[in-house]
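Starting from the known structure of chain A, arrange chain B on it as the hints suggest.
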Amino acid sequence: MDFQVVLLAGGTSETLSPLVSRDVPKALLPVANRPLLSYPLDLLEASDLKDLIVVVEGQEAARLVGAWVSSAYLDRLRVEVVAVPEDLGSAGALRAISKRLTANDILVISGDLVTDVLPGAVAATHRRNGAVVTALLCSVPVSGPSDTPSSSGKDKAKKPNRLNIVGLDKTKQFLLHIVSGTEVEKDVRVHKRKIQAVGQMEIRSDLMDAHLYAFKRTILQDVLEQKEAYRSIRLEVLPYLVRSQLRSAPSVGNGRPVDETGNSAVLSSGNLQCLSQHRVIAPSAFKQDVLSRSCGGHRCCAYIAPKSKYCHRLNSIQSYSDINRDVIGEASHLSGYSFSAHNNIIHPSCVLGSKTTIGPHCILAEGSQLGDKCSVKRSVIGRHCRIGSNVKIVNSVVMNHVVIEDGCHIQGSVVCNNVQLQERAVLKDCQIGAGYIVTTGSEHKAESLARK
Amino acid sequence: MSQKKSRSRGGGGAAAAGDDHEDLARPPPLQAVLLADSFTLKFRPITLERPKVLLPLVHMPMIEYTLTWLESAGVDEAFVFCCAHSNQVKEYLEKSGWAGRAGAGSMAVTAVESHDAISAGDALRVIFERGLIHGDFVLISGDTISNMSLKDALREHMDRKKKDPLAVMTMIIKHSKPSVLTHQTRLGTDEIVMAIDPETKELLYYEDRADNSNLYVTIDKDILSNNPTLQLHNDMEDCYIDICSPEVLSLFTDNFDYQHLRRHFVKGLLVDDIMGYKIYTHELRSGYAARIDNFRSYDTVSKDIIQRWTYPMVPDVISNRNCSESRLHRQAIYKASDVTLSHSAQIGANSVVGSATSIGDHCRILNSVIGEGCTIGKNVVINGSYVWDNVVIEDGCQVSNSLVSDGVHLRAGAIVEPGCVLSFNVEVGKNALVLAHSKVSLLPQPSNEDSDEELEYADTNSGVTDSPPFSSMRSNGDQATVPSEEDESGTSETGTCGVVGYIWTSGDAGILEEWRQSIAPISKEKLEELQHAVSENDGSEDESNNPTLPDKDDSSDSAVEDDDLISKFEKEVEETFQRAMGGGVNRDNLILEINGLRLAYSLQHADCAGAVFYSVMKSALQAAQSTNDSLLKTTAEALGKWKDLLRNYTKTVDEEMEILLKFEEMCQETTKEFSPLFSKILPFLYDTEVISEDAILRWAEEKEHADESDKVFVKQSEAFIQWLKEAEEEDDEEE
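Going line by line, the protein sequences match chains A and B.
According to full-length UniProt numbering, the residues represented by the first sequence are 1 to 452, in order.
According to full-length UniProt numbering, the residues represented by the second sequence are 1 to 735, in order.
The shape of chain A in the complex, shown without the other chains:
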C-alpha cells in the first residue's frame, strides 16, 4: 500500500508532568514496562505499514526517541525521526514536515494511541471510498478505576457522553458532521442541506475521535498551506474538511485543480482494484452517486471501531493509570507478554521474599526484588526495583530503579524512576516525579510530588 505514516509522538507534555520529564519524553513513558511509542509502532508493523516519520517536539526529546527507535526497531521498520519546534500543535507539526510527504495517502497517528484497531483497516476504508479523509472513531472508553468509584470517576461519569458529536450517513461510512472537544456543551446545529443531501443522518455523541486519520496528501497539504492558523488536526483541520464537503467548487488554491485531476486518475485506478476486492461491502452505487454529485466530489469517511476493540489515548494522568490497568488487565493482549497461570507476569530474575503475594494482573520486570510479606495487586513494577518488607502496592505503577523501604503503602499512584520511598511512607492517588525522595512516615493523598 502506498501509504506514508506520520506518527505524532509529541514532546514533553505539560499535562503529564511529573510523569514526563526531560529524560523521559512522552513517547518513552513506560506503559506496562514498554515505551508508549512501541504500541503504535507494533501496530503499524502488524499492518505492514513500515515507512514512517516520527515527529517529535524538541531536539532533545527527538534525540532520545531516535536512539530508542533505532535500537528497538532496527531492521523492522524504516523510521525517520524528525524534530519540530515545540507548541506547534498537531496541524503545525504536520505543516512543518509537509515537504517530506510524497505518497498519495498519508496516515497520521497520534503517538499516544493504545489500541488494537489495525491502522490497515482504516487505510483500506480510506482507499475503498476514495475519501479525502478517513477518521477512526471508537466508543468512549470508561474512565477511572472501574472498581473504586472515586471522585474523579464521578466527575467523568457525567461527561463521557459528550466528547464529540459525530454525524454519519445511513451506511455509517461517511462522516457528515463533527464537533469536537470543548465546543460540545452547546446545542447541536446541523446544516439542513446536509440532511437534505443524504436524507438521513445519524448523530452520535458516544464516539471519540481516536486521532488516527488517513488523508489524501494533496488535499492535506493544501489545507495546511491555506489555513495557516490551524493548529490542531482534530479541532480544526478535520472539521474544516467535513464542513466543506458540500461545497461544489474547491475553494482553496489555484494549483489544486490541476493537481487533483492528476491525482484522481491515479486514485481511481487504485480504487478499481480495491473495489473489486471489496465489492460486497462497498456502499451502494446509489449512495455514492448521490454523495459525489451533491458534494462536489470530496468525501470524508469514518471507520468505526467495533465495540470489542480497545482504543484509548494516553493524554492525561488518569488515562495513564487506566491504560496501565487495562494493558495488564482486560486488554492484556496488547502488552505483548504471555501471562502465567495466575494471570500475571513475574520475570524469572525477580526475587520474592517469603509470604509475599503477587495477585493477578500484575507485572514484575527483571531484576526487581521484594522483601517478606509484601502484597502486590493490579500493579506494574519496573526493572531493578528494590522493595522492602511489609509493602503493599495496589493499583499503581512503579517505574524503574525505585527503592521502596519497609512498611510502605502505595495505592492508586504512579512512582517514577529512581524515586526513593523511605520507611512507612503512605501514598494514595499520588504522582511522584523522577528522583524524588519521600521521607519516613510521611503520608500523601492525591498529590503530585516532584523534585524542584
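Every clue listed holds true.
Here are the simulated DSS-like pairs of lysine-lysine, each with C-alpha atoms no more than 30 Å apart in a straight line:
1. A:355 <-> A:377
2. B:221 <-> A:170
3. B:221 <-> A:307
4. B:278 <-> A:170
5. B:201 <-> A:170
6. A:307 <-> B:201
7. B:201 <-> A:309
8. B:267 <-> A:172
9. A:172 <-> B:177
10. A:172 <-> B:278
11. B:163 <-> A:307
If you are wondering where the hints come from, they were derived from the structure by calculation, not from laboratory data.
Positioned in the frame of chain A, the structure of chain B alone reads:
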C-alpha cells in the same frame, strides 16, 4: 351489488384482525377518531360547497377509503367528527350505510358534530368532553388512504404502554425522500426534519414547514446527552395516522391552546420535559399510507390508486354503489361497462372512465380520471386531469393537468391550462383560455381571508366582498373579454366568451407557491431556476456561520450577509415609516409593525433603534429639501414629532449608542448633509431625552481610541461633551 361484496370482504379483514386481538387477551374495543375536516384552506374553492372528505378520489369519496381501511384494520368503533358541512357528511354516512350499522364483524360509525371547532385541537376537545373514547384509539383524518396493517404498530404501542405509561402516541411514518430541488415530497407536502432514537424509535425532534431561511437544525443538548445516538431524518413522510392513548385527549383539554396536531401538540410534548410524555414512531415498510393534503397529493394518490399500490382499495375491487362495476383493462385502464366510446377515441394508459359517460370521435384521454355521466365532444384532449361527474366538455377542448368539478361546462374550443381548478358548475366560454393555476368558482372569494385562521370552510355567506376580485381573461382569439359576473344560471350571452364564475386570486404567498401544490407537474423552467438557486447557494453558503471556528474569509462572508440583511431591514422600516407619515398610522401600530419586521429579519432590538432613527432623519431631510427650510429646523421638528417613537427604542444605553453610531455613519456615508450639523443635533437629541448623557459619554470614551477619521464628530461636539461632563461632576458634588 358490488358494494355488498366489498363490505363482506372488509368484514373478513376485520374478523381476521379480531382473531389477533384475542391473542392479546381481548383488549377493549379498538376505537378510531376520524376527523372529517382538515381545518385547512388548501382545497378551496371546491370546499366551499362540499367538504373535502366527500370529494371523489377515483370515483369514490375520500372518506370511503378511510372508513374501509379502518374497518379492515380491525377498528370496532369509529367516530366521525364533522364540523363544516356536517350535514353533507352525516347524510353521506347514512346513505352509504356506514352509520347505524352495528353487530359482530362490522364497524360502528357514529357522527360527532360540532360547529365551534376550528382546529383539530378543538375537535379532540369536543370528543373528550363527550366522553366517547375509553381506550387507545386511532387518530386519522378523513382524507387518508391506506392499506397498511395496523397490527404491528398497535402491538408496539401496547407493549410500550405497558412498560412506560408516558408513551402516549405512536406516529406512523413512511420513507419518502423529498426532492433536493423543491424540498417537498411527491405528495407536495413540505419536507420534515425528525430526530428519532434508532433503538427505541422515540421521536425526539420534529420540524415541519421547514422554512429555508433557517439553515440549521438545532437539537437541544439535553436531548443528546440523554440519547447518545439519534437519527436525523429528512427522508420520512408523516402519514398522519396516529395511535393514541386516551391521555392525548386530556392533554388537548389541559393545553387549550393546542390547535394543530403536529405544530402544537407534537412540538409541545417534545419540548415539555416536565410531564415527560413521549411520542414514538412506527416506520411503515410495506403497505401504503398517504394523506391528501393538497392538490398535488390528490394527483399523486389518484395515480397510486390507479396503479394499484393501494390494493385492495382500487376501483375494480371497491367501487361506488349505484354504478356498474368498472373493469380493469390492460395498461391500468378502468372502464365502466356502459361507457359510450367512439371508435376513433383513444384512451391512454392509467385512465379511469366512469359509467354513463360518452366520449366523442378523435378524443384523446391520457392519465386522466373521467367521472360518471360526462359528455365529451369531439377532438377533445384531456391529459393528466381529473374530471368529476356530469361534466360537459364540448368539441375541441383541451384540458391538461387540471381538476374539473361536477357540472362544469366547457364550451367548444376552451383551453384549460395546467394547474387549474374549476369548481362546481363553472362554465367556460367558447374558445376561452383559462390561465395556468387559476381557481374558478361560482362563489366569490371571501375577502377577509386571514391566513392565521385555519378554518377550512368559513361560513360561505360571511365575508364576501361586494366587488369580487377579478382577474381578466384572455380568450383564444386574442380579443379581450370582460369576465361575466352572472349567477349560477350562466346566461348564454355571457357564456360565449370568458368564464362564468369568479376567478380567485391567490394570497400573497400563494402566487409564489402555487406551483408547489397544484396538479400540474413542476415546469422545466421552474426546476432550472431552482437548480440554479441551489448551485448559487453552494458557492456562497459554505457553512461559514459555524460559530465554533470562524476563519477569516468565512466570517467576513457572514458579515457581508449581515450587512445585507440590515440594509434590507432598514429599507423596509423606512417604507413603513413613510407610510406612517403619510397615512398617519397610529404610533402603537407603527411600533407593532416595526417589531414585526424585526422578528421577520431576526434582528436585535438595537438594530431597530438605528433603523427608526435613520427613517426619522431621512424624513427630516426630505422635508428640508421640499420646503426649503433649514435642515436643522426640519430635523428639530421631526425629532420633536417622533421622539416618543424613538424613546420606545432607546431603553438601554446600548440602543442609544446604536443611534449615535448610526447617526455618525449617516453623516459620513449616506446623508452627508447632516455632517456639519452633527454637534447641533446632538444636544437636541439629548434635550428630547432620546439619548441620555451616559450614552454620549460612553460614545465619546469609546471613540477616544479610534482613528483620527473616526473622531471627526467627537471633536465637533467636544464642547457639548465637555459641558455634559462638567454637569455630571456638578451633580456629583451636589450629592
